[in-house]
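Chains as they are written, first to last, in the numbering used here: chain E, 1 to 259; chain U, 260 to 551; chain V, 552 to 820.
A couple of the hints might just be wrong.
Stated by the list, open to error - If you anchor each label on the Cβ, the simulated ranges turn out as follows:
no.	chain 1	residue 1	chain 2	residue 2	range
1	V	Lys577	U	Ala361	32 to 42 Å
2	V	Arg747	E	Gly56	39 to 49 Å
3	V	Arg814	E	Gly56	41 to 51 Å
4	U	Asp539	E	His16	15 to 25 Å
For the record, the hints were derived by calculation from the structure and aren't laboratory data.
Just so it is clear, CB atoms sit at the ideal spot from N, CA and C, and this is done for glycine as well.
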Amino acid sequence: MSETLTIENLHVAAQHGHHDHVLVDGVSLTLRRGRILALVGASGCGKSMTCSGAQGVLPPGVRVTQGRVLHNDTTVAPERLRGRVVATILQNPRSAFNPIRTMADHARETLRAVGRFDGDWRSRTLEAFATVGLEDAESVLPLHAFEMSGGMLQRAMIALALLSDAPFLFADEPTTDLDLIVQARILDLLDELARRRNLGVLLITHDMGVVARLADEVAVMENGRIIERATTREIFDNPQRIATRELVEAHMSLYPEVA
Amino acid sequence: MSVASLEARAARRRMWRLPIRDSWAVRIALLIVALLAIAAIAAPWIAPYDPDAVDLARRLQGPSLAHWLGTDHLGRDELSRLIYGTRVTLGSVALSIVLILALAIAVGGLSGYMGGRIDQTIMRFCDCFLAFPTIVLALFLIGILGTGMVNVIIAIALSHFAWYARMVRGLVLSFRQRDFVLASRAAGASRVRVFFEHLFPAIMAQMIVLATLDIGHMMLHVAGLSFLGLGVQPPTAEWGVMIGDARPFVWSMPMLILWPGLALLLSVMAFNILGDAVRDRLDPSLHGDHQH
Amino acid sequence: MSVILAARSVSKSYSSYSLTGRSAPKTVLRDVSLDIAAGESIALLGRSGSGKSTLGRLLLGFERPDGGSVAFEGESVGGLSGERYRHYRRSVQVVFQDSLGAVNPRHSIGRIIAEPLRHLTDLNEDARSERVRSLLAQVGLVPDDARKLPSQMSGGQLQRVCIARAIAPAPRLLVLDEAVSNLDLVLQMQMIALLRDLQARLKMAVLFITHDLRLVQLFCSRVIVLAEGRIQEDAPVTRGLALRSAEGRLLQDAILPARPVHRAPAFCD
């Protein structure tokens with residue numbers, strides 16, 4: 001039986017004065033090592049909140065009201081998941097880095113956080129940087145975030161995620177802010193890494209093209225709930241719900257030559 | 260009236276509403292500031308005596324029914340001097356702030372908008388002012404300009420404005436890049452109009468917050484310079500001067516130092532607390548109510 | 552066909568200043584020439600760093616080129632003043648990528664949309680309100696939205712507001728600087744449908760700056776590929792478009808698949 005990560009009946013709400021505004025309404029999903037699950041939906045449907053809620057990194061005023069996360073059928077506290085079981089990469093790489101620290105500082109911090117910081121840290125970091133295609137990894141270590149392009153930063157973020165050796169990866173709109181060419185390369189990278197390291201990936205996106213490129217399975221969210229769940233092929237060939245059909249049709253209208 | 264417009268009105272009102280519902284500390288601070296304002300404005304009507312009325316027969320008396328806070332070494336009523344002193348202290352702080360903001364916006368605004376060599380030159384000029392501790396700079400300026408309240412105000416303004424100018428410059432630099440400034444130019448607005456319609460209100464809001472936080476600090480400077488005899492000249496009442504005058508009597512009549520000292524302490528605290536509350540209310544980055 | 556905007560051998564570099572002098576200049580645009588005629592819909596395609604946004608800013612008169620010139624109806628943009636300048640601003644408008652950053656958060660929607668009317672037309676206040684109402688309807692919003700603040704609107708709605716503001720002075724050319732890139736796919740398609748509709752009705756020329764070739768094919772009749780500050784290709788957009796330049800082919804190959812691709816099974820290291 002392969003390793004699994006299950007989010008069970010997650011409820012997330014934002015506090016507005018006396019009443020709560022529900023953002024995630026009973027979402028359950030299971031990630032398996034080696035499979036990529038895409039979580040899609042229009043903006044505001046709650047997909048990012050699901051990802052943050054499962055890891056316990058919600059913004060102030062927002063909290064998990066119900067639900068739990070299981071790693072191989074054992075309940076795990078969200079704080080224990082972060083970095084150890086689940087690594088995360090975010091949409092805007094520039095905001096994920098401390099502007100006054102170098103890449104080396106970030107690598108050290110990541111390793112320390114998961115308790116893997118030892119004399120070997122430098123060679124492991126260089127290896128991770130090389131794996132994500134940052135050529136001349138030695139010269140990247142002393143750089144600050146503002147000295148690197150968006151694509152380079154995204155690769156660096158993926159490298160830091162790999163350093164923790166976590167079996168699962170949450171990728172929250174990882175290529176949305178990148179131009180098409182860089183996007184294609186980062187997706188190729190994610191594909192290869194997922195296969196090589198047998199990662200279980202939760203891929204959050206609004207772009208069905210990204211889904212077509214990477215995902216094995218798709219879960220469609222609307223208003224905080226999962227309304228449809230199927231393999232990628234089924235979702236494209238036979239979308240059931242209206243929201244799903246809207247997403248697929250919007251995507252297909254970009255490809256007029258594909259009838 | 261539609262729901263949308265009602266919501267918009269409510270959102271705007273939220274920004275400007277007095278922080279009465281906040282913690283009790285803020286409420287007390289508001290009360291103190293209100294009392295100070297009343298004292299300053301209505302001094303001639305609420306002060307029981309003329310603050311300059313000398314009565315050597317009644318000098319150095321403790322609190323009594325006739326003189327609630329006692330009399331000083333010249334027989335003048337402490338309470339009346341305290342009330343009239345509010346005018347001088349608050350008045351000079353207010354004028355200093357106006358002067359500082361005017362200088363800061365002119366200098367910082369020009370620097371930020373023009374950029375390049377002009378920006379660099381102006382900033383180095385400001386750095387000269389920033390390099391000195393404010394009291395030292397104020398003393399130096401008073402040495403040149405002479406004593407008197409007007410010169411104290413000028414000295415305080417000149418020693419403080421550089422920091423504010425830096426703030427303004429930073430704000431102008433960050434706003435200059437924002438698309439809404441470009442959009443306004445695309446809409447046909449001239450550079451001057453862009454500055455006054457878009458940049459100036461945003462900058463003023465931030466500056467008011469900063470200035471409010473600094474009021475307490477400046478009150479201490481004004482009182483400090485007056486204590487050293489560099490500010491108002493006798494017989495004008497001012498808290499710093501009152502403390503200075505009371506020094507020879509610190510063992511025989513410590514109350515003379517206590518009243519103005521307490522007044523300063525409470526005022527500075529009140530303005531600091533209020534400053535924090537104003538910042539929390541007006542700082543747009545702390546408002547989390549935009550949709551995704 | 553009358554040419555609205557023309558760039559001739561335009562080049563632009565940036566360098567940073569300090570008290571010790573300038574840093575080495577970085578060339579962003581080299582020798583770029585381009586004509587935009589009335590009614591055309593042109594795509595300016597390139598990846599980040601290609602110089603497309605800089606070219607947009609030069610065409611809009613926000614910055615001056617270091618070399619070459621930008622001319623509006625034959626006159627150099629840098630030399631325009633008075634009524635000629637106002638005519639330029641009326642005729643050439645822009646919608647930016649980030650709608651939230653493109654509006655003053657303290658102004659009401661009505662005031663935002665009316666800004667070009669205040670500066671560029673002689674309409675009185677009532678006429679302006681009437682026009683704002685009509686513009687809101689044209690972009691699919693309701694008259695009540697005029698009283699709202701930007702923080703009360705979603706990203707997609709705010710972008711519609713920006714479009715309304717841009718078409719307020721009835722421009723002849725609308726520059727869209729990655730105007731739909733920040734929206735999710737469904738909203739992108741809606742926005743493109745709106746822009747196509749407006750273009751047809753108002754008979755505007757459109758310059759669509761983007762990095763996504765898929766959007767170009769929906770909207771534009773001509774595509775100009777920009778890379779490293781130079782024009783690599785200028786081709787008409789047809790069904791079955793195949794770009795020939797090296798950069799064009801890179802951009803075309805990078806397009807995400809229409810249908811799911813088969814993924815090889817995982818293997819462990």
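Now for the hints, and whether the structure bears them out:
no.: 1; hint: Lys577/V with Ala361/U: 32 to 42 Å; result: 39 Å, holds
no.: 2; hint: Arg747/V with Gly56/E: 39 to 49 Å; result: 45 Å, holds
no.: 3; hint: Arg814/V with Gly56/E: 41 to 51 Å; result: 31 Å, violated
no.: 4; hint: Asp539/U with His16/E: 15 to 25 Å; result: 18 Å, holds
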